[in-house]
Amino acid sequence: MIKDRTAIAGIGQTEFGKKLAPSELQLACSAVLNALDDAGIDRSEVDGLASYTQESNSEVELARNLGLGDISWFGQVGYGGGAGPGVIGNLAMAVASGQCSVGVAWRSRKRASGAVRRPWSKSHSALTEDIAANYTRPFGVIRPVDEIALLTQRYLHEYGATRDHLANVALAQRRYANNNPAAMMYDKPMSRDDYMAARWIARPLCLFDNCLETDGALAAVIVSSERARDLKQPPVYIHAFAQGFHAQHQTMQNFFCEDPLRGPAWVAAKKLWQQSDIQASDIDVAQIYDAFTPLIPLSLEGYGFCARGEGAAFTEGGNLEPGGALPCNTSGGGLSEAYVHGFNLITEGVRQLRGSAINQVDNAQTCLVTGGEGVPTGALVLRR
Amino acid sequence: MTESTLLPHIDETNAPFWAGCREGVLRIQQCPQSGRLMFPPRPLNSWEPRTPPVWREVSGRGHIWSVIEPHPPLMLNFSELAPYNAIIVALEEDETVRLVGNLVPAAGAAINRIDFDDIAIGAAVQVVFEKIDDDITLPRWVLTN
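Protein sequence lines correspond, in order, to chains B and E.
Residues 1 to 384 (the working numbering) make up the first sequence, in order.
Residues 1001 to 1145 (the working numbering) make up the second sequence, in order.
Hints listed in this document are in silico derivations from the structure and should not be mistaken for laboratory results.
A virtual CB, placed ideally from N, CA and C, is assigned to each residue, including glycine.
Among the hints, erroneous ones may be present.
Pair by pair, the computed Cβ-Cβ distance ranges are [to be verified]:
id : chain 1 : residue 1 : chain 2 : residue 2 : range
1  : B       : Thr162    : E       : Leu1076   : 50 to 58 Å
2  : E       : Leu1143   : B       : Asp193    : 43 to 51 Å
3  : E       : Gln1126   : B       : Ile71     : 31 to 39 Å
4  : E       : Glu1012   : B       : Arg192    : 48 to 56 Å
5  : B       : Asp37     : E       : Leu1081   : 49 to 57 Å
6  : B       : Asn179    : E       : Arg1050   : 41 to 49 Å
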């Protein structure tokens, strides 16, 4: 078990925005240098590199440009927004098992710089490579939002949930972002009326049910817990880690399995809580992957914060907001801070446990960070 | 004319499904041992991987499991049709076997003719077919009474 044997010792990021001037490689390198500075570790010590398969910068290019030395471990995790916790978890396993000693994980993306960065827009190759797309795209189910909307409408139907529940998610996160100067939506307050008046994207989902389009990069540095205790920042321990997907899972188009509303989160959750001394009821703050608002109620159910079908009701009464039962996506998340495949959820989890978050949860000791529901996913339990 | 980039890619694995559509029947893969169905088409029989799957004609009846109404921004040909409906149909033979499609008032009608608000989850539907070109015929769905 890797329980508490490694820690996140440094985090770094670039600015978040649209049409940023630096390239994805330049953004990646900036974020990595910032994370190393934050940790107080010289770049010559880095010997492990981890990122997403969808990352366009290779380990080799990153290492060459940053002038890194010998790299003894490198690896990537697939499935877009499902990958983040897996990237951190795999790197933690590599550090814990001695394959490397200073690991850097990163994600850099210029999704706000044109349709070329949206995988679904590459329609020509997609249908030959993605088997299930042959049975969705010819019928106009083209974008991730169309696929998640199909699950959402079924969810609303089955459990009597409403758009007000989805608005609870969007509004809670916007309020966090309105207090976070790094957030793209910092100076854009939103009311329930604004949410309800927004244009449809894939009904029942409107504009504000969708994550942002962001240019930006983030990074984290992982070392042994022993080493982390001697470094600049208070260590944030990687207490538990799991990945998962279920039988007959189909990435994003997860309607072809037996029980589509019981997605990969349920599998990851089962293994995660087995590995963890900290259980769902012990979690002080959560960072739950939020490419779309309905992923929050689905994930709340999957990770056991409430029973199946009760995720929408869990968003009521300010539960996800400051002072609520489970403050969630406290930087604004993918919906209102930045959408960089969920890496900003990892860094926000670290800030909460250091006690340095802008929307600090009082005395936060434990944090759940998840990858995306609806794709092969992963999750981390972090603790201070 | 339909933008060819979003039409299905026919290969040796899925050819019987698309041939069925051209012939006006819905064919789904089945495990010859357990009788269990599987969709989308695949090279192996998931329920008994050492025994090849067989193709079975199904009734083409089912019920609506979910529905959405996509709006722009969309790819060119779908932008012109938007807003349109897309549905998931659960098959009568096995409700866990689901197909994505569109609800139309009659075979050959456009996919933007029935409003989202008029489409009820649970409603009974029947497959119909729309010829797109010599290779591709798409299954669509109409309400049954």
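Here's how the hints hold up against the structure:
| no. | hint | verdict |
| --- | --- | --- |
| 1 | Thr162/B - Leu1076/E: 50 to 58 Å | 34 Å, violated |
| 2 | Leu1143/E - Asp193/B: 43 to 51 Å | 35 Å, violated |
| 3 | Gln1126/E - Ile71/B: 31 to 39 Å | 59 Å, violated |
| 4 | Glu1012/E - Arg192/B: 48 to 56 Å | 53 Å, holds |
| 5 | Asp37/B - Leu1081/E: 49 to 57 Å | 52 Å, holds |
| 6 | Asn179/B - Arg1050/E: 41 to 49 Å | 59 Å, violated |
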